[in-house]
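Participant: Starting from the known structure of chain A, arrange chain B on it as the hints suggest.
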Amino acid sequence: MGKKVILSGNEAVARGAWEAGVKIATAYPGTPSTEILENAAKYEEIDAQWSPNEKVAFEVALGAAIAGARSMVSVKHVGLNVAADPFFSSSYTGVNAGFVVISCDDPGMHSSQNEQDNRRYAKFAKVPVIEPSDSQEAHDFIKRAFEISEKFDTPVLFRMTTRLSHTKTVVEIGERIEVPLKDYKKIPEKYIILPAHARKRHVVVEERIKVLRAYASKCELNRMEINDTSLGIVASGISYQYAKEVFPNASFLKLGLSWPFPEELFKEFYEKVDKVIVIEENEPFLEEEIKFLGYADVEGKKYIPLCGELNPEIVRKGVLGKELPHPEEVKSVKRPPALCPGCPHTGIFYNLWRLKLNVTGDIGCYTLGALPPYNAMDTTICMGASIPNAFGFEKARGKDFAKKTVAVIGDSTFLHTGIPGLMDIVYNKGISTVIIMDNRITAMTGHQDHPGTGKTAKGEPTVEIDMAEVVKALGVKKVYKVDPHKLRETRNVIREAVASEEPAVIISERPCALLPEERKQHAKRPKRKVDPEKCKGEKCLGCIKLGCPAISMKEGKAYISPLLCVGCDLCIQVCPFGAIS
Amino acid sequence: METRNIIISGVGGQGIITASEILSEVALFNGFDVKKSEVHGMSQRGGSVVSHVRFGEKVYSPLIEKGTCDVILAFEKAEALRWVHYLKPGEGIVIVNDLEIIPNMVSLGLDTYPENIEDTLKRDASKVFIMDGIEIAKNAGDPRTANTALLGALSNYLPFSEESWIEVIKRRVKPETIEANLKAFRMGRERGRD
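So the protein sequences, as listed, match chains A and B.
Numbering-wise (my numbering), the first sequence opens with residue 1 and increments by one.
Numbering-wise (my numbering), the second sequence opens with residue 582 and increments by one.
Bound-form chain A, shown alone (with noise of 0.2 Å):
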């Protein structure tokens, strides 16, 4: 027996596709699918890499791949949309070495703009998906798509969700097999994706999906559980886990490679149980399945909500009727997370609030800057689209209101998809003003290194990117670089950088403050203390709408926690009365 040991999600994966000999994995981060790479970049053997975006890294393991080793690369739901357009061709091309594309999808939206569910992408690319239930299977199960993948020359989405991703569960692990590397060969007609061979392709791939529909009805990763036969259950991923914890004793049709659909085995539970029904999280799409194929009693949505995250509550309550007896809930606080005690973000989300500024947003920790005390954003789409909505604006509403309106864009964002944005507003003739917060990290997924902070995912130092070389190079001729923290001075060239009657980037410069560097200055800095005397307490409210989880109203006056105070000195600049030191 291997070694048991509590492992993620994500760990389970990382690890399970290390045993199965995997040489390159890729990434670009994004919750609940970031810490598969962060794990990979461990093992010594896999060459792991942050790539700017998800279609660059789709690519490279893509490439990987059909240059002969086995490849994956990790993705959230949302991120795969970014890799789609490779994602499509690669079910055509088929693959060389295995090649297993790891999609986090989120149920209940803890960190996403949506809650897609991938298994349809999967159908549409028309590539097999294998979801595992926890993180034994997440580490058995990885393996086997990296076998499927071969098998049947294929892409495999292998589809974890946020549940899955970031609990822990108990795995016995094994070892790492070599796998060596498959012989590169020339196949114009299977990777050069010409309309010609493209229509030939599409028939191999039409015919790879009937050998796998028959192939899951005998795949040990379907199997039928025949306990009471008077209730029978399908389930797949974490559905299975709610559905047994509420239904122990059901039979169950537990489905670990869910498309293309097992016909044949499904079938055979049908006829052994009385009633079917379906549990699944999110879109109907093992319903639609047994729909489609004219068993029109079995039910899912019927009992299920297709909105938000499962839970066992939610399965009880939608096919009994009922809850456990359990005390009232009781309204507390709320508690929204917030940017940190010393976090750049700060100065920039308090300036946009005083000069009242449209702000177009986007995708990272600066998100928040939506919320109380700032409510500084206008709108917030996807990774990159804030520049392109503020050239939007300014397209609608002319140059006035362009002078009124700025993006703001994380470093790492702007490298993923901010570029061809700001080109875009150069190449024709806009005047927008954008601002990219660089913190010299990707910050909210919990610090992953980029192009920008010269460092690989393997801790190795690297080329840096130049953020004001490369907006320079866009043609981008007013360029300001400001430190957040001077409230007054950072102030002044946003005034003027929107004023401008020219594209105009500020790239505001301070690193997070949760880095080890920035805790080292913490820990030199004396902490910030109030003089009660001189506090005018809730008369002002100064201190507190600077947004900072330290600084709270206690007794009619400002405190600042010593616990969470770094030191920082944004609070002395907004106090009018002097009272803070």
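Rather than coming from a laboratory, the hints here were simulated on the basis of the structure.
Idealized CB from N, CA, C, for every residue including glycine.
There could be a bad hint or two in this list.
What the hints assert, rightly or not - Covered, in the sense of this in silico footprint (three residues per stretch, anywhere, with C-beta under 8 Å from a C-beta of chain B), are these stretches of chain A:
hint, segment
1, 194 to 201
2, 217 to 229
3, 330 to 338
4, 541 to 555
Stated by the list, open to error - Below are the BS3-like pairs computed for lysine-lysine, each with C-alpha atoms no more than 25 Å apart in a straight line:
hint, chain 1, residue 1, chain 2, residue 2
5, A, K524, B, K755
6, A, K481, A, K403
7, A, K520, B, K755
8, B, K669, A, K42
9, B, K639, A, K3
10, A, K322, A, K275
11, A, K527, A, K478
12, A, K527, B, K719
13, A, K42, B, K703
14, A, K399, A, K472
15, A, K317, B, K755
16, B, K719, B, K669
17, A, K331, A, K554
18, A, K185, A, K23
19, B, K639, A, K317
20, A, K317, A, K356
21, A, K4, B, K755
22, A, K4, B, K751
23, A, K331, B, K764
24, A, K3, B, K669
25, B, K639, A, K4
26, A, K331, B, K639
27, B, K703, A, K334
28, A, K126, A, K151
29, B, K719, A, K529
30, A, K520, B, K719
31, B, K719, A, K331
32, A, K126, A, K218
33, A, K301, A, K291
34, A, K554, B, K708
35, A, K481, A, K458
36, A, K524, B, K719
37, B, K669, A, K322
38, B, K719, A, K458
Facilitator: Chain B in isolation, oriented as in the chain A frame:
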């Protein structure tokens, strides 16, 4: 043994995840199946954080069902209140750090911090134990060991030996803080005992 359900809650930055990892490791050390679940990302400093830990012979759902929680261990008072509806009616235990962290929204006058938290907890729990974790941690020599002190109090209600806790804590904390952490754990365990 029926599956045991523990909620650990608090405010981002208080060490909730580390505490729940220690608890899970102790459960595995004692031969149990264990699942530990929380969501990270978007939980910077200051946000509400909750971790569910379940252990037993075989655990299915990683999430605790409302009405089945055996113990809530809260690092902050309003964060204990937030989860009372998960308690097993008439049987649940609440261990609370004697600490109030006031969110910015309250300071701005946009929300109010709940009053009479202790009374509400007592209405719904069979037992409520309030303990000043930071005070114990200071006495143990490091104010950052408050979460270990609270784990000490929790340990009185779980079927694990003191040795197994100590073994795991030694493995999980920074070498230079082992001594303070073990001291905090023992003091919390002592204080939490009836």
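Participant: State for each hint whether it applies.
Facilitator: Results for each hint:
1. 194 to 201: Coverage by chain B is violated here, the residue count being 0 at a Cβ distance below 8 Å.
2. 217 to 229: Since three or more residues must qualify, the claim that chain B covers the segment 217 to 229 of chain A is violated, with 0 doing so at under 8 Å.
3. 330 to 338: Our answer is that it holds, as 9 residues pass the Cβ test (under 8 Å) against chain B, meeting three.
4. 541 to 555: holds (count 10)
5. K524(A) - K755(B): Distance of about 21 Å is within 25 Å: holds.
6. K481(A) - K403(A): holds, 19 Å
7. K520(A) - K755(B): Roughly 17 Å between the alpha carbons, so the hint for K520(A) and K755(B) holds.
8. K669(B) - K42(A): Distance of about 42 Å is beyond 25 Å: violated.
9. K639(B) - K3(A): holds, 18 Å
10. K322(A) - K275(A): Roughly 20 Å separates the two Cα atoms, so the pair holds.
11. K527(A) - K478(A): Violated, at about 38 Å.
12. K527(A) - K719(B): Satisfied, since the Cα-Cα distance of roughly 18 Å is no more than 25 Å.
13. K42(A) - K703(B): violated, 47 Å
14. K399(A) - K472(A): Status holds; Cα separation ~22 Å.
15. K317(A) - K755(B): The hint is violated at about 45 Å.
16. K719(B) - K669(B): violated, 33 Å
17. K331(A) - K554(A): Roughly 22 Å separates the two Cα atoms, so the pair holds.
18. K185(A) - K23(A): Since the Cα atoms of K185(A) and K23(A) sit roughly 19 Å apart, the hinted pair holds (cutoff 25 Å).
19. K639(B) - K317(A): holds, 23 Å
20. K317(A) - K356(A): Judged against 25 Å, a Cα distance of about 47 Å means the pair is violated.
21. K4(A) - K755(B): Measuring from Cα to Cα gives roughly 23 Å; hence the hint holds.
22. K4(A) - K751(B): Given pair K4(A), K751(B) holds - Cα atoms ~19 Å apart, limit 25 Å.
23. K331(A) - K764(B): Distance of about 36 Å is beyond 25 Å: violated.
24. K3(A) - K669(B): violated, 35 Å
25. K639(B) - K4(A): holds, 15 Å
26. K331(A) - K639(B): violated, 33 Å
27. K703(B) - K334(A): holds, 22 Å
28. K126(A) - K151(A): With Cα atoms ~16 Å apart, K126(A) and K151(A) stay inside 25 Å; holds.
29. K719(B) - K529(A): holds, 21 Å
30. K520(A) - K719(B): holds, 22 Å
31. K719(B) - K331(A): Roughly 32 Å between the alpha carbons, so the hint for K719(B) and K331(A) is violated.
32. K126(A) - K218(A): Roughly 20 Å between the alpha carbons, so the hint for K126(A) and K218(A) holds.
33. K301(A) - K291(A): Holds, at roughly 12 Å.
34. K554(A) - K708(B): violated, 30 Å
35. K481(A) - K458(A): violated, 30 Å
36. K524(A) - K719(B): Given that 25 Å is the threshold and the Cα spacing comes to 21 Å, the pair holds.
37. K669(B) - K322(A): holds, 16 Å
38. K719(B) - K458(A): violated, 38 Å
Checked against the numbered hints above, the structure breaks hints 1, 2, 8, 11, 13, 15, 16, 20, 23, 24, 26, 31, 34, 35, 38 and satisfies the rest.
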